[in-house]
Amino acid sequence: MLEAFLSSTVAMAAPLLLAALGELLVEDSGVINIGIEGVMLTALFGAMAVNLAVNQVVAGTALDIFALGVTGVFYRRMFGVTGQALTVRTLRQVRLGPLSHLPLIGPALFHQNLLVYFSFLIVPAVWLALYRTRWGLNLRAAGERPEAADALGLGVYGLRWQALMISGVLTGLSGAYLTLGYANTFVEGMSAGRGFIALAIVILGEWRPGRIAIASVLFGAALALQFVLQAVNTGIPYQLFLALPYVLTLVVLTALGGQSHAPSALGEPYVRP
Amino acid sequence: MPTATSSGSRGNIVAALGKPLGALAIALGIVALALAVLGANPAATFAALLSGAFGNWLAATDTLVKATPLVFTGLAVSAAFSGALWNIGAEGQLLFGALAAAACGVHLAQWPRPPAIAVVLGAGTAAGAVAGALCGWLRARFAVSEIISTIMLNFIAVQALSWAVHGPLMEPSRAYPVSQALPPAACLYRFLPPSRLNAGMIAALALAPACYVWLFYTNAGFELRALGKNPRAAAFFGVPVGRVAVFAMGLSGAMAGLGGAVQLSAISHRLFERFSPGWGYEAIAVALVARLNPLAVVPSALLFGALDNGAQAIQRAQGVSPVLVQAAQGLVIFVLLAFDTPVLASWRRRGAVREDLASGRADA
Numbered sequence: 001m002l003e004a005f006l007s008s009t010v011a012m013a014a015p016l017l018l019a020a021l022g023e024l025l026v027e028d029s030g031v032i033n034i035g036i037e038g039v040m041l042t043a044l045f046g047a048m049a050v051n052l053a054v055n056q057v058v059a060g061t062a063l064d065i066f067a068l069g070v071t072g073v074f075y076r077r078m079f080g081v082t083g084q085a086l087t088v089r090t091l092r093q094v095r096l097g098p099l100s101h102l103p104l105i106g107p108a109l110f111h112q113n114l115l116v117y118f119s120f121l122i123v124p125a126v127w128l129a130l131y132r133t134r135w136g137l138n139l140r141a142a143g144e145r146p147e148a149a150d151a152l153g154l155g156v157y158g159l160r161w162q163a164l165m166i167s168g169v170l171t172g173l174s175g176a177y178l179t180l181g182y183a184n185t186f187v188e189g190m191s192a193g194r195g196f197i198a199l200a201i202v203i204l205g206e207w208r209p210g211r212i213a214i215a216s217v218l219f220g221a222a223l224a225l226q227f228v229l230q231a232v233n234t235g236i237p238y239q240l241f242l243a244l245p246y247v248l249t250l251v252v253l254t255a256l257g258g259q260s261h262a263p264s265a266l267g268e269p270y271v272r273p
Numbered sequence: 001m002p003t004a005t006s007s008g009s010r011g012n013i014v015a016a017l018g019k020p021l022g023a024l025a026i027a028l029g030i031v032a033l034a035l036a037v038l039g040a041n042p043a044a045t046f047a048a049l050l051s052g053a054f055g056n057w058l059a060a061t062d063t064l065v066k067a068t069p070l071v072f073t074g075l076a077v078s079a080a081f082s083g084a085l086w087n088i089g090a091e092g093q094l095l096f097g098a099l100a101a102a103a104c105g106v107h108l109a110q111w112p113r114p115p116a117i118a119v120v121l122g123a124g125t126a127a128g129a130v131a132g133a134l135c136g137w138l139r140a141r142f143a144v145s146e147i148i149s150t151i152m153l154n155f156i157a158v159q160a161l162s163w164a165v166h167g168p169l170m171e172p173s174r175a176y177p178v179s180q181a182l183p184p185a186a187c188l189y190r191f192l193p194p195s196r197l198n199a200g201m202i203a204a205l206a207l208a209p210a211c212y213v214w215l216f217y218t219n220a221g222f223e224l225r226a227l228g229k230n231p232r233a234a235a236f237f238g239v240p241v242g243r244v245a246v247f248a249m250g251l252s253g254a255m256a257g258l259g260g261a262v263q264l265s266a267i268s269h270r271l272f273e274r275f276s277p278g279w280g281y282e283a284i285a286v287a288l289v290a291r292l293n294p295l296a297v298v299p300s301a302l303l304f305g306a307l308d309n310g311a312q313a314i315q316r317a318q319g320v321s322p323v324l325v326q327a328a329q330g331l332v333i334f335v336l337l338a339f340d341t342p343v344l345a346s347w348r349r350r351g352a353v354r355e356d357l358a359s360g361r362a363d364a
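Line by line, the protein sequences are chains E and R. The numbering of the first sequence is the working numbering, which starts it at 1 and goes up by one. The numbering of the second sequence is the working numbering, which starts it at 1 and goes up by one.
Don't take each hint at face value.
[What the hints assert, rightly or not] Reference listing, derived: stretches of chain R covered by chain E, where coverage requires no fewer than 3 residues with Cβ under 8 Å from a Cβ of chain E: (1) 131-142; (2) 156-162; (3) 324-338.
For the record, the hints were derived by calculation from the structure and aren't laboratory data. C-beta: ideal position from N, C-alpha, C; glycine also.
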């Protein structure tokens, strides 16, 4: 059972990690995208947040409301309201040789689908891009001091747009993983606040890719726990387990209280003077 | 963080209506286009929407019923946003309010009606206030973003409600996950049956001007708006920023919680999962269309209530999914935001500077 729990933890952590890395990139460029749930419409959000310099929190919320409606409309249009539900093939689990037979951690680390491997492998890639390339330096400059970056001729809007687009790909993959990775179907509102948890993971991970990966695993464990504990009849109401990731988010943020590692210009629209 | 839209303008309401109505028209235009692309008839769909919302006496009163929780939550969001406190948690506060109201209400069968109603509404208000103030306090004391804490409480509230109707509050036969019905003593007064007009609407109508007066004619309201315009300047001039945040979030939560209690006591009488179809989220659109002006929240809530009420009709009449209306509501916010972009002002400024330079050169 512990083996199943660990395996499920890693599987649950993967989409959170993808979304959190995506959010990290935009936040480092100075844009906070709380509409990360409604990622399909990233371009719309980008136009609003970067070029039109509107309030990013409000635009993000609008994005969520809009995306829930739009995905609902398209889903019902294509697959009907009640008829048989859409089922898609799940991603195949890839077994990495004999390593997957290791006791306890074998299935967790070496018998997952490709997206899980991908999400953990891009952690160092994101780190390299942000901290060891000129582009990463420019991006972080746009998030810390957009006016200074602008004065250097770095093109703040362009950098923020690039971050948003890459982030859109990552969070889009994260959403695809929800459908393909373990649900086999699309359920209206299926992301169930995972986008918001990703926001908390970025804070908990102090805007560092490696720590974000660790934080993702922690939240993955909280999500996996509900399945394990529901299977065992503990007599504890299952709603408590379902609420656990959200309670955990609150507790962790409170415990971290006040020490902010956020980019200085996070959430502040930049209007060229 | 900067203010939401040009927040809380006290000016005359009629002049302030221009932009929101323009935004609404643009959003509806986009929806019409989408409908045409999806192969539905836009004109017939809008006609079905209108007749579903106002087609007859019962439909029209039901629009009022649907608008009532939106007035409470819309006021909650307006108050918080006026202070740049991003309360995304009206949904959770409303659910906690309804939960507390139900938990108290079922025990009041022997009470006389007025005090029983007062206790039910009071419990809902208090529960919402606690949920809101908690997030304000977490922000003031631990620098926890109220955006995230309020959203987390939304999800926690959904689970708490689910637990309550499967557990302690479940109806006696224990066949369905719904709570026991409130005793008649705890139910708000209704008028003109079969319509569902009720005393809760009067409370909503009274709350809007009260909230307006508080926001624009009291010291506390002024401090909150100062916080919203420029938190650093507000702190510099001696506004107790933390205390204002806790109080305003508590007040905001109280109004949302009262909305939940009113809905329970006047309309549903029972709790069940999915008690709220998303009033707390829709409230953000309601508040923004009202430009955070509490008086304008009432017509704005009516508009969204009508959209919600009509949405069900378009499903029956035109086979168009009612979630389309939700997408339209998100669009309205987007268009409104685009109208308020500071970039336009910056362009105008730059144009002016260029003219000054040009004329300066001419003088030289």
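Quick rundown of the hints versus the structure:
Three residues within the 8 Å Cβ limit are the bar, and the segment 131-142 of chain R against chain E gives 3, so the coverage statement holds. Counting residues of the segment 156-162 of chain R whose CB lies closer than 8 Å to any CB of chain E gives 4, which reaches the minimum of 3, so the coverage claim holds. Only residues whose beta carbon comes within less than 8 Å of a beta carbon in chain E count, and the segment 324-338 of chain R has 12; three or more means the coverage holds.
Hint compliance for this structure: no hint is broken.
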